[in-house]
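From first to last, the protein sequence lines stand for chains A and B.
Going by the UniProt record's numbering, 161 is the number at position 161 of the first sequence; the sequence numbering is gapless.
Going by the UniProt record's numbering, 296 is the number at position 296 of the second sequence; the sequence numbering is gapless.
Hint data in this document are derived by calculation from the structure and do not stem from the laboratory.
Check the hints yourself; a few may be wrong.
[Stated by the list, open to error] Straight-line distance between alpha carbons at most 20 Å, and here's what the computed SDA-like set of lysine to any residue pairs gives:
| no. | chain 1 | residue 1 | chain 2 | residue 2 |
| --- | --- | --- | --- | --- |
| 1 | B | 342 | B | 76 |
| 2 | A | 102 | B | 339 |
| 3 | B | 160 | B | 400 |
| 4 | B | 339 | B | 43 |
| 5 | B | 339 | B | 59 |
| 6 | A | 102 | A | 127 |
| 7 | B | 160 | B | 122 |
| 8 | A | 102 | B | 179 |
| 9 | A | 102 | B | 186 |
| 10 | B | 160 | B | 112 |
| 11 | B | 163 | B | 206 |
| 12 | A | 102 | B | 283 |
| 13 | A | 102 | B | 277 |
| 14 | B | 160 | B | 391 |
| 15 | A | 102 | B | 77 |
| 16 | A | 102 | B | 347 |
| 17 | B | 163 | B | 116 |
| 18 | A | 102 | B | 337 |
| 19 | A | 102 | B | 345 |
| 20 | B | 339 | B | 36 |
| 21 | B | 163 | B | 151 |
| 22 | B | 342 | A | 135 |
| 23 | A | 102 | A | 54 |
| 24 | B | 342 | B | 74 |
| 25 | A | 102 | B | 342 |
| 26 | B | 339 | B | 56 |
| 27 | A | 102 | B | 79 |
| 28 | B | 160 | B | 206 |
| 29 | A | 102 | A | 92 |
| 30 | A | 102 | B | 76 |
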Amino acid sequence: FSDLEPLPQDDGPVPVVRIAYPDGFEEVMSYFRRVVVTGECSQRTLQLSAEVIAHNAANYTAWQYRRRCLEAMHSGSSNAAREQAWREELAFCTARGRENLKNYQVWFHRRSCLARLGSGPEAELEFVAEILRDDSKNYHAWGHRQWVLSSCGGWEGEAAFVEGLLEEDARNNSAWNQRYFLLQHTADLSSLSVAEGEVDFAARFIAAAPGNPSPWNYLRGVVEPLGYSAVPRVRLLCEGLLAGDAASGAGRVAAMSLLVDVLDEGGDPAEQERARSLCDSLEDLDSLREAYWQWRRSRV
Amino acid sequence: MSDADYQRRWQPGVETDARDGGAPSDTTEEQIATEEACQRCIDEICDPELRREAASLLTREHRTYCASGLWRLSAGYASLDASRPWLCYWIVHSLSILGTRIDAAAADAVINFIGRCRDPDCGGFCGGPYPGQMAHLAPTYAAVNTLVTIGTPAAFELIKGAKLGSFLRAMRREDGAFTMHHDGEVDVRGAYCAIAVATLSGEVEATGPWEDTANWILGCQTYEGGVGATPGEEAHGGYTFCGLAALSLLGAAHRLRLPPLVRWLVGRQMAHAGGFQGRTNKLVDSCYSFWQGGAFPLVQSLLQSRGELAPGGAIYNAPALLDYLIVCAQVAQGGLRDKPGKGRDYYHTCYALSGLAVAASASELPGVPEGWVNGVRLINPIFNVVNDKVEAALEHFRAAE
Ligand SMILES: [Zn+2]
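Excised from the complex, chain B in its bound form (with noise of 0.2 Å):
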């Protein structure tokens, strides 16, 4: 590697306003503590003798741990029992991601058992095998992203199979939201996850008019730009992914107010270590490289459709979000986590690596080593799958039509 390689403009650990004295509080105080935390791996990386050759894609590290999860986890996770649709797609995307072919015995016991989480009444997945757990949006989306993923014909029947168009509008308030299962919550997770699911499985028809479900979703959009769960709750990196990309699917992202959503989204990047943080104010952590990172694909296409970025373009600081990724989340043993100091786990080695992947489909990375992205599979924003699968999928319940 050259030297050419430490002429970016930016640079990792620059101080930041938690230093500059004002009004100290817990929340300077936790930030310049994550700060010392993310110094210390940086230094470790960019010691004179190591330079950034020490730093690099544990490629095979990660496939080996999502591999292990894959089967069996340890009673940590019992937390998740009641998410275990989503396990399957942490685990199956990030080896996705990482140009990981999952066997054909694997791919069939995944299958399978997705399909024993099938609710054969109300339609929809639940998050464990039926019964004992009713359909839920989150395990639904989950499962539909897993079946995609792995793409193969078993897993586009058993789509067909969900009974997801009934599921779906069942789901459906008459304000256009959506409820997360029957009888529970309402934010913009739940109008994502259908719009997504609906348009994966080609049920968009079927599950309409959507006209009040944009409408809803815009007016969670809140005065500092980003969006909240619902009307009025503030300003969230989860949240405002959910809502822009069930906005761009559904045509009306243009309507979001821009130039706040803009100037929000770049001010949730982190200057210290590169990373992004969900909310104003909060600390860094892995997962909003995707839930930040993963809406600049989506608002800069728009920016380009209108003429007002040109193509190939990008607003964010790709290689400054890699240099987090890889630099300050990266667990040696394989696995990323949230931050320096906290464990490794399958949720956020799954929306880290996807954050990594959006940031590896920059059309320029100065200053990145080739290694770091190398390999990478490049995945659609919006559904948060590889690409191709993506394709593959919409085209085939296209033609089922």
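In isolation and in its complexed conformation, chain A is listed as follows (with noise of 0.2 Å):
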């Protein structure tokens, strides 16, 4: 680089938020900085550009100079050639993802590699297997995995994989969210034959830990757009729940919870004198959320 000369950041007469900065990080910064403004795209700037990253893996900047880098310098390239650059930056992009698990732009790079490779699901979901091995709720991977379902497909796999990791896990909300996304691409969400079976689904997990909030809320979400008169096995489980003794605290405010909406569905004004006196025990067992009782109550 003997022949760029280093542009240092200019934070002006009296700098703020001046960050005492590590050894190296401003000459690499420099020389990046240069390269930016003369816009040289050459295997050096890329090389620059991967120094930047290790300093700072959210530069947003260094990671879209690699994409336009590796863009200009295969303008001409043969296919197979520019297709073993973008698998070469597929590589870079695992290699600095596994440390930077939370970053945005890493997954964003990656996005944009796959795109251009044009290759099928298999690869790209195992290796967010790997990583929700480690981290089962990282919320980039989960994005990224559906990003990869919609684009490449493998839906056929999922519905097993997403499972393995609720057997795990009963409280990884992530994984029943996609269970829910998984049905709402690959199966019809208005069948009712549908809906209880995702019942029963969310049922034997509630029966497990009746306090776990997930199973709960998946259930809702599948039968509320079909009204809850018309799945009345939502209704048996949380009167079976509440008749029991297995449910105590958290579980039983869920059942009681659910049943307020159930209750208070049909209009009927003997159920809704029952929601009403639910929302009044409820403000006793959940005395945290007394004032959205309170509200509840009044909109039976």
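Once you've looked at the hints, go ahead and assemble the two chains, each given alone in its own frame, into the complex.
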């Protein structure tokens, strides 16, 4: 880089939020700043951007500059050479990705590589699965997985994958969300039999841990659009839990809370009276949400 | 302080479902560990000898911490080198909530620095001084909020000269969603930053129409009731706030499915220590005091406008939220943290204080010692900037049109 004059950061006469940069940070950034100004796209600037990213993986300009470099460097290349370059870029992304799992840039860059490579979903779904094995609720990883499924397919194995994660941790709400996403894309959510099947699925997890909010939210999400009266087993589930003594604390609150909506739905005066009295009990049982239960009662 | 202060119906430290024994997992294990860490804070404060007098809002300490960060930050902040306008906003906004006016020299320095982050070609603001970084919607939002908080003629001049309209138009996608920067990711943050910036700078008409944007955001509401980053993604506090605030500005918040949204929001407040979690079955974190807590004034005013909630009525537990912030999130040396066991940082300080300001504006705060909220300035929850400064900016740019 001897032909390049570094361009130092100009914070002005009285700098604010001045960071005590670690060794090497400013030098690399000064060269990169110069490159951004000259617009040079070459192997060496690609390498330089990698050094910027090593210092700060959230530098979105450096990630975008890599895409710009690769596009420019391979505008006249053969398809095979282009593909090879983006494949190497994906490998770069994988290496950087493992250290930066909560970073928007690395996941977006990954998507950009994959979109250019146009390969099948298998390897990528496996990559995400591996990330989720360590960090099962990683928001970026789940968003990426949805993108892979939507743009490359691979839906066949998803139900089993999600169920496996739920068996491991029934409180993995991201996995519940993914089950809903899968259903939205592969099943008819307005079908009664689909809804009943999903209620039964959620009920199995509720039986094991009645206080776990994830299956309750899932069940409501599936049934709400159809109306609770269309799926009588929802009411049976709530009444059953409240009649027995298996559920304590949070489980009873969850069952009562859903029962309020079930009873309120039809507009029957006697049922609504019971809904109001459930709200009264919830004010005590779920005292943190006292104000909410008073409001909910007023809406019956 | 009298014993009446302890008469609240909700008591911190109640047992939650993680201890029920059903389906133990990583989630229940982490939840129990977090509850224990919070419990230690509660026990310390609620020691029968010390009672609650031991707890107060450490205004002076937070001021000192923020005032020092305005000038210098440790090497740990190098990962935020592409988010420096955010650092300005987090610090300047925190100080303004605490009622601390930054002096004229500091204000000039901040304005001068933000001016250097402007992208003169594309418009908008970058994550640091130009050249070297690209304009990005998030630092643009942070820059505009910082300038509005400072609120001097020079600050308004800078907003006016930042070519925000053309930048926003360039970030807009055909379907109404916004990309965070050229060749960048798309999610609800983009739409929120865009409409917030456009509103504050008087560019709404020039950057519309916004109909598609509203529809796109509505498609991000999930089966749980909250909002995800993009259609299909899990309901999340940060995106829920962005979606709700953006739709409020667009006059379309009433088109959300409100009962599930309200249910999801109130469900994220944690029975153990009163703070909020970001997603179902995740851990409490002070930054959601604003992302979730700040959604309540918006939802409540919507319900009030429809006659479904009494004027001044609230549907969440503001005193409990204050308990979490004062008892569990404050660091004795100043600054606030995500949760007990974590270190302080400027992001959590800003959003914990923002949540505190929201809770402080509740019409009734039974059992809350006055010193917890005295002197805390009211914020406009849509922009997360102190109220009078938002009014001044809106007025300024309306008059300028
Ligand atoms: Zn946080």
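Exercise for review: Please write out, lowest number first, the hints stated earlier that are contradicted by the structure.
Suggested key: none
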